[in-house]
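Put together the whole structure using the sequences plus the hints.
Each protein sequence line maps, in turn, to chains Z and E.
Going by my numbering, the first sequence opens with residue 78, and the numbers climb by one from there.
Going by my numbering, the second sequence opens with residue 25, and the numbers climb by one from there.
Honestly, the hints are just simulated from the structure, not real lab data.
Predicted, not measured: the structure shown is a model, and the values here were computed from it.
You can take every hint at face value.
Here are the simulated PhoX-like pairs of lysine-lysine, each with C-alpha atoms no more than 25 Å apart in a straight line:
1) Z:K177 <-> Z:K147
2) E:K81 <-> Z:K103
3) E:K81 <-> Z:K177
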Amino acid sequence: SQQGEEDPQALSIQEGENATMNCSYKTSINNLQWYRQNSGRGLVHLILIRSNEREKHSGRLRVTLDTSKKSSSLLITASRAADTASYFCATDASTSGTYKYIFGTGTRLKVLA
Amino acid sequence: GAGVSQSPSNKVTEKGKDVELRCDPISGHTALYWYRQSLGQGLEFLIYFQGNSAPDKSGLPSDRFSAERTGGSVSTLTIQRTQQEDSAVYLCASSPLGTRNEQFFGPGTRLTVL
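Okay, here's the thing in C-alpha cells:
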C-alpha cells in the first residue's frame, strides 16, 4: 500500500453530524497536509500540521497527528452540505535534494441535507 | 491576487499526437509542481521545480513526458505521442519556498486521448 492512505474510502452522514477521516503513512515526515477537492473549487488546501505538532484547529476542522503510529485524523464538526467533497491527505517526506510529497487516494464525503 | 492558472482547460487529442499544457504559477512562488489525477483517483506526482535547481523528474511515467519552467515562472508540460492511458486531469500547483508550505492548485487541464 502507498504512503498516505485515507480511511474510509467513502463516508455518508447527515448534516450537523461530525465526520472523521483518517490517514496513515509509512515514512518519517516533515509535515502532513489535508486538502479538499470538489467540482466547484478544485483542490484547496485546508490545514498543515508539522511533525512536531499533535493537534491543530481551523474553524470547524480539527487535525491530529500521531507520529508514533504514523497516522493523522481530520475531524469536521457540525457538517454542512457544502462540505461534500473528496478529502486528501498529503505527506511531505522530502529531504535535501529529494522531493517526496505524496497524496493519498482520498475519502469521499457526502453530507446529506 | 491571481491564483494559479492553467491552459487549456480541456484538451481532446488523437492518439499519437503531441500536446502541451501550460501553467502560470502565483507570482513570487519559487516552487512549481505537476500532478495528474485519473478519474476517481488520488494525485500522482509528476515533476517538481524549485527555484533554479535541477527539477525532480522522478515522477514522470515515461520519456514521452517532459516539462520546462522558463524564467522561473511559467511551466509547460509536454506529452509526446499521446496514448489513451495518458487521459487524466493534469494539475499544476505552486508554493512559496518549497514543500514546507501549502500548495496552491490550478483548476487543471482535462486531457482526453481518443
